[in-house]
Amino acid sequence: MSFHHSIPCPDCGSDILIESTQLLSGGSFRCSNVNCTVAISLDDPKSVSTVTSAFEKFEKLKEESLSQAQNTD
Amino acid sequence: MTGLVSMAQQFSGLPIKSLISAPLNAATDANGRMARSQTQFMLSTCFDKDSGGQLTPIMITFKMTRSVVKPDGTAGTPVELQFDLPLLTIIPLNSLAVDDVKVHFEMEVKSSHSTDKETSKEQSLAASADITAKYNAGLFSVEAHASVSYDSKSKSSTKEHYEASNQAKYEVDVHAGQLPLPKGVTTIIDAFTKNVAPIMLKPESSTTTTTTDG
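Protein chains in written order, with this note's numbering: chain A, 1 to 73; chain B, 1 to 214.
Isolated chain A (complex conformation) (with noise of 0.2 Å):
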């Protein structure tokens, strides 16, 4: 499961859209406003980790909201 967000260009501000699958395989995204892009920086693990971490997590979490919520009725 991936999860499509966005994040402000550092240039320009504008949003740019991200996946979070491609983000974690070293994929860059582009402004569509300015010539530039960006990524996670594979050259700290740390970071690549927190991040898969934390979408595992997200993941989980929201697959129990949703069992919670579907046990509603």
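Any given hint could be a false lead.
Straight-line Cα separation of at most 25 Å, SDA-like style, residue types lysine to any residue; simulated pairs [stated by the list, open to error]:
#  : chain 1 : residue 1 : chain 2 : residue 2
1  : B       : 70        : A       : 29
2  : A       : 57        : B       : 43
3  : B       : 183       : B       : 100
4  : A       : 60        : B       : 29
5  : A       : 57        : B       : 88
6  : B       : 194       : A       : 42
7  : A       : 57        : B       : 186
8  : B       : 17        : B       : 32
9  : B       : 63        : A       : 48
10 : B       : 70        : A       : 28
11 : A       : 60        : B       : 188
12 : B       : 102       : A       : 64
13 : B       : 194       : A       : 52
14 : B       : 194       : A       : 32
None of these hints come from the bench; they were simulated from the model.
Given chain A, work out where chain B should sit, using these hints.
Just chain B, lined up with the frame of chain A:
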């Protein structure tokens, strides 16, 4: 018709309040649980807590690459810049919650009553009599004939038909969707997000002082 059930009476005993409020209460409870679990997730995953209880956002390192065009129009070496981004800003934290509860209640009470009464009377009674009388009186003679007949038949039948059916259906549809984040959380994320842009330091300007005499 006395054989039909009273519709108003059929619906009067229904626990309408419970039927509607029970799923809504359950949805509210579920929303509360989901909100608490998301808050816990945000605080435990996106922040570091020091010994004094101070929360510090966990930062992750991103790199930004910009292409460079030289004055002569040729492509230069792309410039790479590293910047830190709070983890909080890249997780799509939207409040997951039950946003739609539909309660369908259908109840059908069918009642029909029909009476088929068929009465036919047919009596059969047959009787016949022949009477002959003769009387002679000198020159005169009287002769009388009489005949009596009676026929009657009787038949009776009654049909009655009664039909009644009840049907009840109770459906609760619950849909979980994403609700907008609370204003406070949005403000925190916005504050972090705005700080993503690097602070550009201006080159120190060299000031020249010229003195003119005269």
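Against the structure, the hints come out as follows:
Between residue 70 (chain B) and residue 29 (chain A) the alpha-carbon distance is near 24 Å, which keeps this suggested pair within the 25 Å criterion. Pair hint residue 57 (chain A) plus residue 43 (chain B) holds up; C-alpha atoms about 12 Å apart against a cutoff of 25 Å. Distance hint between residue 183 (chain B) and residue 100 (chain B) is fulfilled; the C-alpha atoms sit about 21 Å from each other, no more than 25 Å. Under the criterion of a C-alpha separation no larger than 25 Å, the hint pairing residue 60 (chain A) with residue 29 (chain B) is consistent with the structure, at around 20 Å.
Between residue 57 (chain A) and residue 88 (chain B) the alpha-carbon distance is near 13 Å, which keeps this suggested pair within the 25 Å criterion. Note on residue 194 (chain B) and residue 42 (chain A): the hinted pairing holds, with a Cα-Cα distance of about 23 Å set against a maximum of 25 Å. The suggested pairing of residue 57 (chain A) with residue 186 (chain B) holds, with an alpha-carbon distance near 21 Å, which does not exceed 25 Å. For the hint pairing residue 17 (chain B) with residue 32 (chain B), the CA-to-CA distance comes to about 22 Å; that is within 25 Å, so the pair holds.
The hinted pair formed by residue 63 (chain B) and residue 48 (chain A) meets the criterion: a straight-line CA distance of about 12 Å does not exceed 25 Å. Between residue 70 (chain B) and residue 28 (chain A), the direct Cα distance comes to roughly 24 Å. Compliance with the 25 Å bound is thereby established for this hinted pair. For the given pair, residue 60 (chain A) sits about 24 Å from residue 188 (chain B) by alpha-carbon distance, which is consistent with the 25 Å threshold. Of the supplied pair hints, the one linking residue 102 (chain B) and residue 64 (chain A) holds, its CA atoms being roughly 22 Å apart against a limit of 25 Å.
Restraint check for residue 194 (chain B) and residue 52 (chain A): the C-alpha separation of about 24 Å stays at or below 25 Å, so the hint holds. With a CA separation close to 18 Å, the supplied pair residue 194 (chain B) and residue 32 (chain A) stays within the 25 Å bound.
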